[in-house]
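K.L.:
Those sequence lines, one after another, are chains G and P.
Residue 48 is where the first sequence starts when you use my numbering, and the numbers rise one by one after that.
Residue 6 is where the second sequence starts when you use my numbering, and the numbers rise one by one after that.
The reader is advised that the hints may include incorrect statements.
Quick list of in silico lysine-lysine cross-link-like pairs, PhoX-like style, CA-CA up to 25 Å [stated by the list, open to error]: (1) 19/P / 96/G; (2) 143/P / 61/G; (3) 101/G / 57/P.
Simulated from the structure, these hints should not be mistaken for lab results.
Just so we're clear, the structure is a prediction, and the values are computed from it rather than from any experiment.
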Amino acid sequence: MTLNKIELTDEILKSAAGYAHEKWMDSNTASSEESHEFPLGFYDKILRKAQKRKQIKTITRHIAAAIITIIICGAVLLASSPKVRALKRGRFLEIFYNIEYRLSPDGDSSKLPEFELSYIPEGFKEINTLNERDRISKYYLNTETGDSFLFEYMQRTDDKDITFHTEMTSAYESIIIGDYEAYFYLTDDTFDKNNIVWFDESQNLYFTVSSNLEKSVILNIAEGVSLVDS
Amino acid sequence: MLIYLQMLETENEKDKFSELYIKYKDLMYVIAFRVLNNQADAEDAVHQAFLKIIDNLDKIGSIESPKTKSFVAVICERTAIDILRKRNKIIEISFDDLSEKVSEDSPLQDQIGEMILQLNPTYREVLFLHYHDGYSEKETAKILGISYSNVRKIIERAKKILKEELEKGE
Numbered sequence: 048m049t050l051n052k053i054e055l056t057d058e059i060l061k062s063a064a065g066y067a068h069e070k071w072m073d074s075n076t077a078s079s080e081e082s083h084e085f086p087l088g089f090y091d092k093i094l095r096k097a098q099k100r101k102q103i104k105t106i107t108r109h110i111a112a113a114i115i116t117i118i119i120c121g122a123v124l125l126a127s128s129p130k131v132r133a134l135k136r137g138r139f140l141e142i143f144y145n146i147e148y149r150l151s152p153d154g155d156s157s158k159l160p161e162f163e164l165s166y167i168p169e170g171f172k173e174i175n176t177l178n179e180r181d182r183i184s185k186y187y188l189n190t191e192t193g194d195s196f197l198f199e200y201m202q203r204t205d206d207k208d209i210t211f212h213t214e215m216t217s218a219y220e221s222i223i224i225g226d227y228e229a230y231f232y233l234t235d236d237t238f239d240k241n242n243i244v245w246f247d248e249s250q251n252l253y254f255t256v257s258s259n260l261e262k263s264v265i266l267n268i269a270e271g272v273s274l275v276d277s
Numbered sequence: 006m007l008i009y010l011q012m013l014e015t016e017n018e019k020d021k022f023s024e025l026y027i028k029y030k031d032l033m034y035v036i037a038f039r040v041l042n043n044q045a046d047a048e049d050a051v052h053q054a055f056l057k058i059i060d061n062l063d064k065i066g067s068i069e070s071p072k073t074k075s076f077v078a079v080i081c082e083r084t085a086i087d088i089l090r091k092r093n094k095i096i097e098i099s100f101d102d103l104s105e106k107v108s109e110d111s112p113l114q115d116q117i118g119e120m121i122l123q124l125n126p127t128y129r130e131v132l133f134l135h136y137h138d139g140y141s142e143k144e145t146a147k148i149l150g151i152s153y154s155n156v157r158k159i160i161e162r163a164k165k166i167l168k169e170e171l172e173k174g175e
């Protein structure tokens, strides 16, 4: 019989393991016929230790459950609190180059509210308006100086992302516009524009004013955004 | 109701454990002593092995069954070896008294069985649990406290060793 050609199949190994196991157990069993005198309280000590380990495991499970609860509560807070979300965005601003905003899909897309500017810098006139289902863009131009600004607001109800390219942004700061925390992005590129953006979380509205005008003028424009009474 | 059931289950487990203790404590001591060669250490190993058995009570069916006996024995030997290993002692467990020179006319299974007795204890335990007691590779890993991938490697290596030994003896 050429053994090297024999495959060690599971059946052969089962049988061989059975043979070895029987010898191993017989040897142990034969030697264990004499009873060993364990120390007094040996059995109770095992039970006490087991109980203690069970308690530790239970406490560990409770701690784990508490941590998970905290994480879930934190996530819910992030999702539900405009202030916390704003803070979260603020942190992202420090980390990423392009900012991606995601508006939650629970708004009403059929009724995009109408907003107007109560402050328009002298010499500017609205020369173009783009009116879409979920976005209104108003373009203002000073024909004498050639300066312009864009006031735009949009509503997102489909959970789409709004990407805000900040490659040319040299600095940003968080400021308050009315009841909202806004972000002012200051560009150092002469061909780009400064931007101020803010959100109305309750209506899923995103506002922006873009212009190469001075910051103070842009802030005045932003502060003058008001809802038109229907 | 739930609390009542939980308590009942605990009582059942307690009874089960009590039976296991009475039935196997001496066998476990012998196994542990064979590895550690010291009474106090062997008792320590039995103590720790019983704690592991409590953790695996759900895997134990009938107290009297050969499978339970094997399970308890393997866990105890593994625990004793772990104690020895922690003390950085060289593990030499001789089974010369068990191993016999098997004639070439003996069945192949017996020849391989003798070789299994000479294997490293971890290899032997894995083969016993998997091939003799019928535990899956995953269950074997859990019982021995090693990873699943380790169990698979051990089985492959054991097969290779056994095959090489067979070829040598040819």
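K.L.:
Please work out if residue 143/P and residue 61/G have their alpha carbons no farther apart than 25 Å.
P.N.:
17 Å, holds
K.L.:
Starting from residue 19/P, check that the Cα of residue 96/G is at most 25 Å away, please.
P.N.:
13 Å, holds
K.L.:
Given the hint that residue 101/G pairs with residue 57/P, test it: the Cα-Cα distance must not exceed 25 Å.
P.N.:
Given that 25 Å is the threshold and the Cα spacing comes to 12 Å, the pair holds.
Going through the hint list in order, the structure satisfies each hint without exception.
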